[in-house]
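Chain order of the listed sequences is A, B, C and D.
For what it's worth, the numbering used here labels the leading residue of the first sequence as 3, then goes sequentially.
For what it's worth, the numbering used here labels the leading residue of the second sequence as 3, then goes sequentially.
For what it's worth, the numbering used here labels the leading residue of the third sequence as 3, then goes sequentially.
For what it's worth, the numbering used here labels the leading residue of the fourth sequence as 3, then goes sequentially.
Don't take each hint at face value.
For chains that are exact copies, the list does not tell them apart, and a pair is met inside one copy or across any two.
[Claimed, not checked] Derived lysine to aspartate or glutamate pairs resembling DMTMM-like cross-links, with alpha carbons at most 20 Å apart:
{"#": "1", "residue 1": "K253", "residue 2": "E20"}
{"#": "2", "residue 1": "K220", "residue 2": "E36"}
{"#": "3", "residue 1": "K242", "residue 2": "E149"}
None of these hints come from the bench; they were simulated from the model.
There are 4 protein chains.
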Amino acid sequence: MSIRALVWGENVHERTNEVVAANYPHGMHERIAEALREDAGITATTATLQEDEHGLSRAVLDNTDVLLWWGHAAHGDVADEIVERVAERVWAGMGLIVLHSGHFSKIFKRLMGTSCALKWREAGERERIWVVNPRHPIAAGLPEYFELENEEMYGEPFGVPEPLETVFISWFQGGEVFRSGLTYRRGAGNIFYFQPGHETYPTYHDATVGQVLRNAVKWAHNPQAPVVDVTDAPNVPVDKAPEKIEERGPKLHKAGDKGLR
Amino acid sequence: MSIRALVWGENVHERTNEVVAANYPHGMHERIAEALREDAGITATTATLQEDEHGLSRAVLDNTDVLLWWGHAAHGDVADEIVERVAERVWAGMGLIVLHSGHFSKIFKRLMGTSCALKWREAGERERIWVVNPRHPIAAGLPEYFELENEEMYGEPFGVPEPLETVFISWFQGGEVFRSGLTYRRGAGNIFYFQPGHETYPTYHDATVGQVLRNAVKWAHNPQAPVVDVTDAPNVPVDKAPEKIEERGPKLHKAGDKGLR
Amino acid sequence: MSIRALVWGENVHERTNEVVAANYPHGMHERIAEALREDAGITATTATLQEDEHGLSRAVLDNTDVLLWWGHAAHGDVADEIVERVAERVWAGMGLIVLHSGHFSKIFKRLMGTSCALKWREAGERERIWVVNPRHPIAAGLPEYFELENEEMYGEPFGVPEPLETVFISWFQGGEVFRSGLTYRRGAGNIFYFQPGHETYPTYHDATVGQVLRNAVKWAHNPQAPVVDVTDAPNVPVDKAPEKIEERGPKLHKAGDKGLR
Amino acid sequence: MSIRALVWGENVHERTNEVVAANYPHGMHERIAEALREDAGITATTATLQEDEHGLSRAVLDNTDVLLWWGHAAHGDVADEIVERVAERVWAGMGLIVLHSGHFSKIFKRLMGTSCALKWREAGERERIWVVNPRHPIAAGLPEYFELENEEMYGEPFGVPEPLETVFISWFQGGEVFRSGLTYRRGAGNIFYFQPGHETYPTYHDATVGQVLRNAVKWAHNPQAPVVDVTDAPNVPVDKAPEKIEERGPKLHKAGDKGLR
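Next up, chain A with everything else stripped away, as it sits in the complex (with noise of 0.2 Å):
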């Protein structure tokens, strides 16, 4: 059973500006899951801000086992209530891929509960991606290093909580370094981000990028069960309880109350 990738894309600067149009003449995200499609085990859809909901309804969601979400010019436009939406997805098992000026989108600022903050220098340096993790799933199949001639230079500190796996640390022209391939995961969800993918520069036309990307979608898939009720907190009466004990002391509850929240 293949899985089911939804590649989410801003698709603003695709449309406003020249450069971007002629790079991605079907939108960024159509690239992508292009890219993902060279995989049989991927089924990839696409998504945009300016659908309904942004193309991200419940149904959608119920029915996406990993989201790859790019954004840059409207992270404001994004409605709290889709991300509110998204995050829970997440926690109840959805995998999420943020790629690149994603970082600043509200949905990775929601799960990571940090700034996000970076530096940078859009110069068209090259950029060195080194794997310090090797053999892990996300790294399938790369040499110890890639190169992308021409990348947006993301610098540290990147203001992210300390990251479960650190992948990829990037080397720039200019002089930087940036963690550039992190894993997370929060409830069930297993969470990647991305750092190559500026928009003017053929970043998901290259062929190692789209294996990172295909990599991190297999990676991310957790093919079980969504959670159910994921931010209920259940009381457990005392006659329900694992050990047989007997209530005690003074209350605040009445039985059959709903915890306070």
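Assemble chains B, C and D onto chain A, guided by the hints.
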């Protein structure tokens, strides 16, 4: 120079519930502050939900090294703007200690990026808190375990990110376990979650709990100057790059542009 | 292609202790292998201390994807050379699952770099294993907790490094807690420690324990090619540096020298 | 009360190589100790390979709060017994700072449980050390980055466990990156690995490097009493269990038995 601790109390049940009022006649925040003052190196003040800006004005936060947070009945009444202000202050370096039902406070959920959900039972059962990280600063001076004869059960799974360190794990009489002492670092801020503290039980009158709180304040204190502009994503112009590079390739931004966010 | 699991058994108490012999008439290793074989995707063989090279020749290890380790009475009889061989195979990508009293095996202590000490009590008490990381691959298909009516108590503090992930925490009838399911990655090798398995109790006849073992084998399996020369520290000569540089400054090594170690 | 730092130097190249002798006429260990003494709160002494017990007798270690380790040419000459003694002292609470080529020292490999391998090149190239964890105690007072005009390249992948925290990442002129400042906790001991320090370059004369070393000593210091009998696995008899239980089921051990190991 002493550590400036600020104990934030929701201060609702102390005024509306007779049991809690009798247990903490001056409020839970005052009792906690009193426990902190047993250490001459800590200056403890208090703030409550009912005050202007919930007692958490910029000026107050700028003069706070470590914030302790107890809330339960009125998480929803805390203004989002204040929550964001506290989060940024944590990223800049303020320590944060979240107590008991504060697991569902807006600030804790904001900083964890997860559900923060758990199981619970109010039965006055025995809790035994085991030190799993001996000689951790937060466990300084503690025996291998200590007991609270009456506590609210909080049970796993606890919907939080994998912690930096697990300091305490609790055994409950009714058969559950809980990671009752967890550390995190978010930006320059040290965060500690500590599970005991149900308002109808005498937890904050317990000497060992007081020791944990004092230890935690000292551990969470970051004596360095706060990070300035902690959410900024500074551009590094080509002529300021650490290594000499020449700009090349197509560009999205013009010189002097601010980054998109 | 099936996963090649190898179950290593010390095979001492099965032959010297009547209770253990009756409990596991074909040896613990055979019972564990049998449990693994319930999954058609796993091929399980066994090896024991008494065999030549303890059944862990280079050829055998090269054809092993995941090694399971149970030992107790004869940790000291395992040859250091074999331990080192297994460690290098783990770094190269072989999975390792360490069971129960294997916490004090040479291989586990070698890979953890810590004391691996713990508390214990052999009283046949009830153990309740809680899933603290729902939908983790190792917890696939499990209920929120499961019980073993008779197990040896292992108690905190457990002298191991902070894990990559905590999957299980156990509650013991006598009042202790224990982190009973922990994951680590060392080099390209995935490691799982699982606490249950005292030889006088019927633990490896338990269906849920069997499920955990099968899950763990699948989780630990790294399908990528082993890392070659995993302990090598390769020199990168100046003319092979990714970026063109000129050698300068005083030198210790002459061209072609191997590094010191 | 000042922190008792002990700088251990292999002291070989200083006596056999003219360049190193000229660079560090009193030995590298003395230069490092001198840098530590700039902080009035640190008392720094030295020990070398050539001394009896390598200068690391039990009495010396018992009076050491933080040990710094520099070795390169003679790792193999360090007695295994001393390595084990140091490891146990670390687990009991002594801090350990491992410098540069010490990545291949017996003690570092012992505590990491991994290959500790890396790439290297001795070309006198420029290294730029970036702070990726601002306001971490080890980065106190540091700029966002600092440079060493001549250093040995150490390149990823670095064969170490995922660290507790990544404090520094280095950029090298020749195109590599390296995680040059990593923290670990093993037992009650805090461990810091710091990459710079090739013996033919003036690294330990650098003011910022000195600041890092002093910061690291203060960070690594655990002021609590050492853990006693840190490798013991104590039995908890049935009548000493925290909760009253009755013994049941078949047993391997008789009352008063020591555990197997």
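**Report entry** K253 and E20: within-copy, between-copy, both or neither at 20 Å Cα
**Finding:** between (66 Å within a copy, 11 Å between copies)
Query raised in the report: 20 Å Cα cut-off: does K220 pair with E36 within a copy, between copies, both or neither?
Result: within (16 Å within a copy, 30 Å between copies)
Report task. Please work out whether the CA atoms of K242 and E149 approach to 20 Å or closer within one copy, between two copies, in both situations, or in neither? Result -> between (58 Å within a copy, 15 Å between copies)
The earlier numbered hints are all upheld by this structure, with none contradicted.
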